[in-house]
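*Asks:* As a plain string of letters, each chain reads:
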Amino acid sequence: MTENPIFDRELTRIRRTPGQRALTIIYNILLWVAGIGALIILYRDAGDISGIDREWTHRLYVILSLINGLLVLLLLPGLLSGSISREWEGNTFDILLVTGIPHLQIVTGKLLAGVTVALLTVVTTLPLLWVILMAGGVFHLDILLLFLLLFIMAMFTGAVSLFISALTGSTQTAMICSYAFVIINCAGVPLLSRLLQNVSPVFGFTRYILMLNPFATLLLFLTQQTGNERAYTALFEYFGFNASGIAANNFYTISLMVQSIFCALTVIAATAVMGKKNFRS
Amino acid sequence: MDNLSVKELNVCIGSRQIIKDVSFDLHSGQILLVSGKNGCGKTTLIKTLAGIIPPASGLISVCGVQYPGADIYRHVGYAPWRFGVYNSTTVYEYLYFYSSCAGRRGLMAKRNIESLMERFELTKNRDRQISHMSAGNLQRINIVRSVLTDPEVLLFDEPLNCMDPKGRDIFAEFIKERASQGGSILMSSHNLSQTGQFCTDVCFLEGGSIRLMESIENVRMRDMENSRVRIVLADSDRMGEAEELLLASAQVKNISYSGDELMVGLDGAGSVDILRRAFMERGIATVVFASETRTLEQVFEVYYQ
Numbered sequence: 154m155t156e157n158p159i160f161d162r163e164l165t166r167i168r169r170t171p172g173q174r175a176l177t178i179i180y181n182i183l184l185w186v187a188g189i190g191a192l193i194i195l196y197r198d199a200g201d202i203s204g205i206d207r208e209w210t211h212r213l214y215v216i217l218s219l220i221n222g223l224l225v226l227l228l229l230p231g232l233l234s235g236s237i238s239r240e241w242e243g244n245t246f247d248i249l250l251v252t253g254i255p256h257l258q259i260v261t262g263k264l265l266a267g268v269t270v271a272l273l274t275v276v277t278t279l280p281l282l283w284v285i286l287m288a289g290g291v292f293h294l295d296i297l298l299l300f301l302l303l304f305i306m307a308m309f310t311g312a313v314s315l316f317i318s319a320l321t322g323s324t325q326t327a328m329i330c331s332y333a334f335v336i337i338n339c340a341g342v343p344l345l346s347r348l349l350q351n352v353s354p355v356f357g358f359t360r361y362i363l364m365l366n367p368f369a370t371l372l373l374f375l376t377q378q379t380g381n382e383r384a385y386t387a388l389f390e391y392f393g394f395n396a397s398g399i400a401a402n403n404f405y406t407i408s409l410m411v412q413s414i415f416c417a418l419t420v421i422a423a424t425a426v427m428g429k430k431n432f433r434s
Numbered sequence: 003m004d005n006l007s008v009k010e011l012n013v014c015i016g017s018r019q020i021i022k023d024v025s026f027d028l029h030s031g032q033i034l035l036v037s038g039k040n041g042c043g044k045t046t047l048i049k050t051l052a053g054i055i056p057p058a059s060g061l062i063s064v065c066g067v068q069y070p071g072a073d074i075y076r077h078v079g080y081a082p083w084r085f086g087v088y089n090s091t092t093v094y095e096y097l098y099f100y101s102s103c104a105g106r107r108g109l110m111a112k113r114n115i116e117s118l119m120e121r122f123e124l125t126k127n128r129d130r131q132i133s134h135m136s137a138g139n140l141q142r143i144n145i146v147r148s149v150l151t152d153p154e155v156l157l158f159d160e161p162l163n164c165m166d167p168k169g170r171d172i173f174a175e176f177i178k179e180r181a182s183q184g185g186s187i188l189m190s191s192h193n194l195s196q197t198g199q200f201c202t203d204v205c206f207l208e209g210g211s212i213r214l215m216e217s218i219e220n221v222r223m224r225d226m227e228n229s230r231v232r233i234v235l236a237d238s239d240r241m242g243e244a245e246e247l248l249l250a251s252a253q254v255k256n257i258s259y260s261g262d263e264l265m266v267g268l269d270g271a272g273s274v275d276i277l278r279r280a281f282m283e284r285g286i287a288t289v290v291f292a293s294e295t296r297t298l299e300q301v302f303e304v305y306y307q
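If you read the protein sequences in the order shown, they are chains A and B.
Residue numbering for the first sequence follows the numbering used here, starting at 154 and increasing by one per position.
Residue numbering for the second sequence follows the numbering used here, starting at 3 and increasing by one per position.
Wrong hints could be hidden among the right ones.
[To be verified] Chain B regions said to be covered by chain A (calculated; three or more residues, Cβ under 8 Å):
| id | region |
| --- | --- |
| 1 | 87-95 |
| 2 | 109-121 |
[To be verified] No more than 25 Å apart at the CA atoms, straight line, and that leaves these computed lysine to any residue pairs for SDA-like:
| id | chain 1 | residue 1 | chain 2 | residue 2 |
| --- | --- | --- | --- | --- |
| 3 | B | Lys112 | A | Ser323 |
| 4 | B | Lys178 | B | Cys14 |
| 5 | B | Lys178 | B | Ser195 |
| 6 | A | Lys429 | B | Ile15 |
| 7 | B | Lys112 | A | Glu156 |
| 8 | A | Lys429 | B | Asp203 |
| 9 | B | Lys112 | A | Gln258 |
| 10 | B | Lys112 | A | Ala384 |
| 11 | A | Lys429 | B | Gln68 |
| 12 | A | Lys429 | B | Leu61 |
| 13 | B | Lys22 | B | Lys39 |
| 14 | B | Lys126 | A | Arg169 |
| 15 | B | Lys126 | A | Thr165 |
| 16 | A | Lys429 | B | Lys255 |
| 17 | B | Lys39 | B | Tyr94 |
| 18 | B | Lys112 | B | Tyr94 |
| 19 | B | Lys178 | B | Asp203 |
| 20 | A | Lys429 | B | Gly71 |
| 21 | B | Lys168 | B | Gln196 |
| 22 | A | Lys429 | B | Gln19 |
| 23 | A | Lys429 | A | Ser323 |
| 24 | B | Lys255 | B | Glu283 |
| 25 | B | Lys168 | B | Val87 |
| 26 | B | Lys126 | B | Glu154 |
| 27 | B | Lys112 | A | Lys429 |
| 28 | B | Lys126 | A | Arg166 |
| 29 | B | Lys22 | B | Lys168 |
[Claimed, not checked] Example chain A residues on the side facing chain B (calculated, C-beta under 10 Å, incomplete):
| id | residue |
| --- | --- |
| 30 | Glu156 |
| 31 | Arg162 |
| 32 | Leu195 |
| 33 | Asp198 |
| 34 | Glu240 |
| 35 | Glu242 |
| 36 | Gly243 |
| 37 | Thr245 |
| 38 | Ile248 |
| 39 | Thr252 |
| 40 | Gly253 |
Hint data in this document are derived by calculation from the structure and do not stem from the laboratory.
A virtual CB, placed ideally from N, CA and C, is assigned to each residue, including glycine.
Could you put the whole structure together from the sequences, leaning on the hints where they help?
*Replies:* This is how it looks when you write it as C-alpha cells:
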C-alpha cells in the first residue's frame, strides 16, 4: 500500500490522533480481563480445560465476536466520516487535486487506512479467541472466516461513511449521518421490516434489505458457526425468511457478496461526488 | 514556445460570470503579473488555469495538453494564497506527501525536497510540526510544494503574502532562475513595486476582463515619456527667469508650484536632459533637479480607481 500516499498519510494521521492508542489499549484490557476472567471461572468449575462446557465457550466466542463487530461498526464512522469533508474544510483539497492524484486513489487510500486501523484493533484480541479455541468448540477456520466477515463489515461501513463525508462536505453533519446510518441500518431497518411484514405480506420484500445489514450477517454467521440451529432458525423466521429456503441456507454468503458489491458502488459514488463537488468552489 | 495558451476563456461560479473572454499566451521565460481590484477575478483565473475550476467555455492549453486532462497537472505548479496543512505532519513529511501524490517517491524525490528546503532556508524546520510554523515560513513551504515536480507553468496567488524581505528575495531569485530555464510564471499580486522588479509582463483585470496587458518594460518606457521633474532653484529671485525658460521649451507640458519647488511635466523620454542643459547654459543654478520616477503602483493608480 506504500504506492498509495493517501493510505500512508491517513494511517499516520489516525495513529497520531490523541486517544486512538488509548482507545485500543483500554479496549484490549477490558476484553482480555473479561475473557480470561470468564475462562478462569469456567476452568475452575470444570477442573480441567477439556472439561469446560462447549456451550459456554461458544457463548464466550459469540460475545467476544459481537463486541468486535460492534467496535468495527462504531469505530469506522468516527475514523472516516470526516475524512473527505476535512479536506474541503481545511483547504487542502485543491492542492491535493493539482498533484494529479486520481479521486479513486484518494477514496481507496482513506478507506483502507480506516479499515486497517479498525481491524488492527480487532486483531489484537486474536490471542484471546485462540485461548477459547484451545478450550474447544471453535476451529481455526471459524476464526479466519470471522475475520473475513469483519473485514467486509469494515469496508462496507467505511465506504458508506466516506460517501456521506463526500456528499455532505461537513465533518459534523457527516459524523451524525454516518452513525445514524449504522444505527438505522443495523437496528431500525430489521424492526421496521418486521413491523411492516406484520401489517401486510406485501411488505415481504423488505426482509431482503437485511442483506445490507452487517450486524445481522455477523449474528447469523455466529449462530450457524457455533451450531446453534434453534437460534439461527428463530432469527430467520423473525425476519420473515423461510429457514429452509435458499436465502437462509446461504444467507451470509449472499449478504457478504451484496455488501461487497454495495461497498464497491459506494466507493465509485464517493469518487464521483468528490469530483463534482470540487467544482463548486 | 507557448507554455500556456488561453483562448476566449469564460468562467462562471453559480450564475455569476467571473472571467469574461480572457485570451493570452504565456511563453517560456515570461513572468506575468496579474493585478486588479479586489474581486476582479484574479484568484478564479488562477484556479481555472490550475485545473481546479472548470471553464464555462474557452480553451486552455498547457504545454500542448488541453484542459480537461489528467496530464495537465504534470505541467502545472499551483500555490494558492489560502491553503491548509495537515496538523499532525512535519514540514518534511508534508512535502514528501505531495511529492508522492504527484508520483515522485524515493531517493530522488527526497533529495529534491532537501535541496528545495535548503534553497528556501527551511532546513532547520525540517522536523518541526507544520502547524507550528509562522505564516511567512508557511508561504515558503507553499512555494516549495508547488515546484516539487519541476512544472513548466507556475501559478502563484499572492505569493509574497506574509513573506519577509529575505523570503521575497529568495522567491524572486528562484522564479527568475525558473524563467531563464524555460519556465513560465503567472502570479497575482497587489504589490506592484516588488513584483514589478522581477516580472516581465503585467496584466490588469477589471470585472473579469483584461483591461491592459503588456510588458513592464513598455510600461516604464511610456511612463518615462510622460516624466516629471522637480526643480528647486539655488536663488529664488531667478524664479521668473526660470519660468520664462520653461515656458519657451517645447518639451514642457505643464508647470505647477509648491512653495519654492517647481513641478514640471515633460513630453518625451529625453526631455529631462535637454531641460537640464538649458538651465546650465542660462546659468540658473539649481539645488534640486530630479526626475520623478513613478512606482508601478503610481503608474497603474488609474486602474485601481
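*Asks:* Are there three or more residues in the region 109-121 of chain B whose C-beta lies closer than 8 Å to some C-beta of chain A?
*Replies:* Coverage by chain A is violated here, the residue count being 0 at a Cβ distance below 8 Å.
*Asks:* Hinted pair, alpha-carbon criterion (25 Å max): Lys429(A), Leu61(B). Please report holds or violated.
*Replies:* holds (20 Å)
*Asks:* Are the Cα positions of Lys178(B) and Cys14(B) separated by 25 Å at most?
*Replies:* Status violated; Cα separation ~33 Å.
*Asks:* Are the Cα positions of Lys168(B) and Val87(B) separated by 25 Å at most?
*Replies:* holds (23 Å)
*Asks:* Between the alpha carbons of Lys429(A) and Lys255(B), is the straight-line distance 25 Å or under?
*Replies:* violated (59 Å)
*Asks:* Take the C-alpha atoms of Lys112(B) and Gln258(A), compute the straight-line distance between them, and say whether it is at most 25 Å.
*Replies:* Since the Cα atoms of Lys112(B) and Gln258(A) sit roughly 22 Å apart, the hinted pair holds (cutoff 25 Å).
*Asks:* Confirm or reject the coverage of the region 87-95 of chain B by chain A under the rule of 3 or more residues with a beta carbon closer than 8 Å to the chain's beta carbons.
*Replies:* holds (count 5)
*Asks:* Lys255(B) and Glu283(B) were given as a pair; does the straight-line alpha-carbon distance stay at or below 25 Å?
*Replies:* Satisfied, since the Cα-Cα distance of roughly 21 Å is no more than 25 Å.
*Asks:* Holds or violated: Lys178(B) and Asp203(B), Cα atoms, limit 25 Å.
*Replies:* With Cα atoms ~13 Å apart, Lys178(B) and Asp203(B) stay inside 25 Å; holds.
*Asks:* Using 10 Å as the Cβ threshold, decide whether Thr245(A) counts as touching chain B.
*Replies:* Since the shortest Cβ distance to chain B is 4 Å, the answer is holds.
*Asks:* Given the hint that Lys429(A) pairs with Gln19(B), test it: the Cα-Cα distance must not exceed 25 Å.
*Replies:* holds (19 Å)
*Asks:* Any CB of chain B closer than 10 Å to the CB of Arg162(A)?
*Replies:* holds (5 Å)
Of the hints listed earlier, those the structure fails to meet are numbers 2, 3, 4, 8, 10, 16, 17, 26, 27, 29, 32, 33, in rising order.
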